[in-house]
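Chains A and B supply the protein sequences, listed in that same order.
Numbering follows my numbering, with no gaps: position 22 of the first sequence is 22.
Numbering follows my numbering, with no gaps: position 87 of the second sequence is 87.
Hints are computed from structural coordinates only; laboratory data are not their basis.
Predicted, not measured: the structure shown is a model, and the values here were computed from it.
Positions of the beta carbon are idealized from the N, C-alpha and C atoms, including for glycine.
Among these hints, one or two may not hold up.
[Said to hold, decoys possible] Which chain A residues stay away from chain B? Per the calculated CB distances, all over 10 Å, these:
(1) ARG30
(2) ARG63
(3) LEU101
[Unchecked claim] Among the chain A residues that face chain B by a calculated CB cut under 8 Å, a handful are:
(4) PHE13
(5) VAL35
(6) THR36
(7) PHE42
(8) MET44
(9) LEU46
(10) LEU80
(11) LYS81
(12) ALA83
(13) GLU95
(14) SER97
(15) SER100
[Unchecked claim] Output of the computed footprint for chain A on chain B, the stretches with three or more beta carbons under 8 Å from beta carbons of chain A:
(16) 10–23
(17) 58–64
(18) 111–124
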Amino acid sequence: MVNYSPDRLDRVFGALGDRTRRAMLQRLSRRPHSVTELARPFAMSLPAASKHIRVLERAGLIRRRRDGRVHRCSLDPRRLKEATDWLAQYRKFWESSMDSLAAYLETLEEQPDA
Amino acid sequence: MPDPTTKRGLSLTVTRTLRASAARIFDAWTRPEHMVRWWGPTGFTARDVSVDLRPGGRFRITMVPPQGEPFMLGGEYREIVPGVKLVMTWRYDGPGVTDHAESVVTVELAPEGDGTRLTLTHVFAKPSPAAAQYEQGWAGSLDKLEAALVTPTP
């Protein structure tokens, strides 16, 4: 069984539950970015962007590396995978429930007066 | 009114095209006599279904998994548009595990061809400790899946 650490997953959910941070992750999934590059598309100050980046970092979703005077951020896919594995349990639950619903509806189809 | 919980958090979406009218599918989701006949994954059975179908009204279902103890699923209806849309909060309550945060399930129905397209979205603002419980129940039900697929529901 997959072992879910509730506190760690809590931080990942908290970090992912924000549109700006999800957009940042999406860009990091393509290549590493500097903090300035990450902040650019959003109408926000550099300190505000840094705050979002810190939340992502604390959740273990990204890593930050100092490269001279530039901070480079890169995606750490492990935590993200943990969250999607967690969601997959619910997906299986609903996919199979929809199988049950479809099968039940078929039985009603055979008795139109039901 | 938009629900703030649907704006935040992780979500999953499942879509299915069903060969039935939207009205019939809506009944299957909201009338206890229908719900006990299908609710839950293959291998699970539902019993003691109670439904108070109005905004703010609650529903509660006892689920019996193929393995392990029965558990409770329940929540509160947020939005009810017969034949079109059903929004409800969702909470797991089982032996040793209770959701401390409700998640939100939205079921939307739209005509498609001679059937109906069902789109289900489940949004989690916080992780639920129940995920592992679902997985435990699943270990047994996967074995039964194939058998159940060839055995028609009575």
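Query raised in the report: Going back to the hint list, which numbers does this structure go against?
Result: Result: hints 3, 5, 6, 7, 8, 9, 10, 11, 17 break, sorted rising.
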